[in-house]
Structure formats: structure tokens, C-alpha cells
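Student: In case you want the letters, here they are:
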Amino acid sequence: DTEVTQTPKHLVMGMTNKKSLKCEQHMGHRAMYWYKQKAKKPPELMFVYSYEKLSINESVPSRFSPECPNSSLLNLHLHALQPEDSALYLCASSQDSYSSYEQYFGPGTRLTVT
Amino acid sequence: RKEVEQDPGPFNVPEGATVAFNCTYSNSASQSFFWYRQDCRKEPKLLMSVYSSGNEDGRFTAQLNRASQYISLLIRDSKLSDSATYLCVISGSARQLTFGSGTQLTVLP
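For the protein sequence lines, the chains are A and B, in the order given. Going by the numbering used here, the first sequence opens with residue 2, and the numbers climb by one from there. Going by the numbering used here, the second sequence opens with residue 1486, and the numbers climb by one from there.
Treat the hints with care, as some may be off.
[As the list claims (entries may be wrong)] Residues of chain B placed beyond 10 Å of chain A at every Cβ, according to the derived structure:
| no. | residue |
| --- | --- |
| 1 | 1501 |
| 2 | 1502 |
| 3 | 1507 |
| 4 | 1528 |
| 5 | 1540 |
| 6 | 1541 |
| 7 | 1542 |
| 8 | 1544 |
| 9 | 1551 |
| 10 | 1554 |
| 11 | 1562 |
| 12 | 1565 |
| 13 | 1567 |
| 14 | 1584 |
| 15 | 1586 |
| 16 | 1594 |
[Said to hold, decoys possible] Derived PhoX-like pairs (lysine-lysine); straight-line CA-CA distance at most 25 Å:
| no. | chain 1 | residue 1 | chain 2 | residue 2 |
| --- | --- | --- | --- | --- |
| 17 | B | 1564 | A | 23 |
| 18 | A | 23 | B | 1487 |
| 19 | A | 20 | B | 1564 |
| 20 | A | 23 | B | 1530 |
| 21 | A | 37 | A | 23 |
| 22 | B | 1564 | B | 1527 |
| 23 | A | 41 | B | 1564 |
| 24 | A | 41 | B | 1530 |
| 25 | B | 1564 | A | 37 |
| 26 | A | 41 | B | 1527 |
| 27 | A | 23 | A | 39 |
| 28 | B | 1527 | A | 42 |
| 29 | A | 37 | B | 1530 |
| 30 | B | 1530 | A | 10 |
Since the hints were derived computationally from the structure, they do not count as laboratory data. Yeah, the Cβ is synthetic: ideal placement off N, Cα and C, and Gly gets one too.
Looking at chain A on its own, in the form it has when it is part of the complex (with noise of 0.2 Å):
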């Protein structure tokens, strides 16, 4: 079973709601990753945070923002968000983002914004 555990499962949430979505990984991974997974599509990389820094955005809006309280959680503030925005959005945890190491995933979070 994943030891990268996300909550919550399912969002349904509005234009203007302010909503979260948090990680939390128990493997002492020193690297996590948001990632954005639309249906028939793989996923695509948002954002990298090495040793709780962020070391990659790749271009996300700001209506997505990442934050990292520590090196086992990893949290994706929403705000203002678009219906295109609807997707599963899974997190993932790596040994570290330096060298090649597998990447464990979540279940995700199946967001659906109306």
C-alpha cells in the first residue's frame, strides 16, 4: 500500500472558493512533487520542493500555491480556480530530486471545479 497519503479524496468547489489540498509522506523523502493528471493524459509536473525549498514551478498559475511546512507534508493552496482546472491531482515523494530515484505517488485528489 502508498506510504504518500492525500486528503482529501474528492473537491468539488466553486469559482471563488479558497480551498487546500495536502500530502504527507511517512518514507523520509527529502523531495516531493505536485503533479496534474487530466483524464486520458499523463501527469504533468507543477511543482518540485527539495529539502522543503521549492526548486521547480513549471509555469503554474498563481491561483495554485505550493507551500511545504516540513519535510514530510506538502500542501497545494487553490484560489480562484477555473473550470479547466478539473483534474486529478496527485502528489508524489522521492528518496531526493538530485539523484534518480523512484517517485512514489498518492491516491490523488479528484477536484471538480463548477
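Chain A is already provided as a structure; the job is to place chain B on it using the hints.
Tutor: Chain B only, in chain A's frame:
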């Protein structure tokens, strides 16, 4: 040319069949190679890493050909539970993962 290319399928095979997937990549500096499987509406799960010497895990065999820049996955004695989308994933010089578009496999009874 896409960085990572896979045949999207679908591959429909009977139980017990052997099926092979290939994946080509364009960046010769790619460092690491993986196969993930993803069930419908679930997260990708690491199936196996792919090494230059090839590796086998039960019914699954993965191989890497750096000269021709492709990796392969062979599934022997297919089970119904093997039905999933198989993602070829490459780690480049920037250490980030690049995903292929996935190959859909359905194993039929």
C-alpha cells in the same frame, strides 16, 4: 518529436498471452528508466526500474537499449489483473520524470 513515445494501444490480449510494449526516448542523456502501471482512476504505481543489464520480476521483464534509445516491457502469462495503462517514464539530466502517454492493456478472459 516527443521526448518519450509509446504506442497508445489499446492492446487486447487473451489470458495467458505474452505481450510486449516498447517506448522510445529522444534525450540521449536520459539517466533512469521506469515502468509504472496505472489502473483506471488510481495513481501511477511503480512496476519496475529498468537497468542496462535488463531485469526480471516474476512474469515481467524490462530491458533498456541505450544505443537505439528504447525500453521495453514484456509480460508473460497475462492475468486479468494485468489490465491497466502502462506508463514509460524517463528521468533526464534535470532529474525530473518525463512520462510517456501510456499504453492501455486489456487482458480478456
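Student: Please go over all the hints and tell whether each is borne out by the structure.
Tutor: Comparing the hints with the structure gives:
| no. | hint | verdict |
| --- | --- | --- |
| 1 | 1501 | 28 Å, holds |
| 2 | 1502 | 24 Å, holds |
| 3 | 1507 | 17 Å, holds |
| 4 | 1528 | 4 Å, violated |
| 5 | 1540 | 13 Å, holds |
| 6 | 1541 | 18 Å, holds |
| 7 | 1542 | 14 Å, holds |
| 8 | 1544 | 20 Å, holds |
| 9 | 1551 | 14 Å, holds |
| 10 | 1554 | 17 Å, holds |
| 11 | 1562 | 25 Å, holds |
| 12 | 1565 | 21 Å, holds |
| 13 | 1567 | 19 Å, holds |
| 14 | 1584 | 4 Å, violated |
| 15 | 1586 | 6 Å, violated |
| 16 | 1594 | 24 Å, holds |
| 17 | B/1564 with A/23 | 35 Å, violated |
| 18 | A/23 with B/1487 | 32 Å, violated |
| 19 | A/20 with B/1564 | 41 Å, violated |
| 20 | A/23 with B/1530 | 19 Å, holds |
| 21 | A/37 with A/23 | 14 Å, holds |
| 22 | B/1564 with B/1527 | 19 Å, holds |
| 23 | A/41 with B/1564 | 23 Å, holds |
| 24 | A/41 with B/1530 | 16 Å, holds |
| 25 | B/1564 with A/37 | 30 Å, violated |
| 26 | A/41 with B/1527 | 12 Å, holds |
| 27 | A/23 with A/39 | 19 Å, holds |
| 28 | B/1527 with A/42 | 13 Å, holds |
| 29 | A/37 with B/1530 | 16 Å, holds |
| 30 | B/1530 with A/10 | 17 Å, holds |
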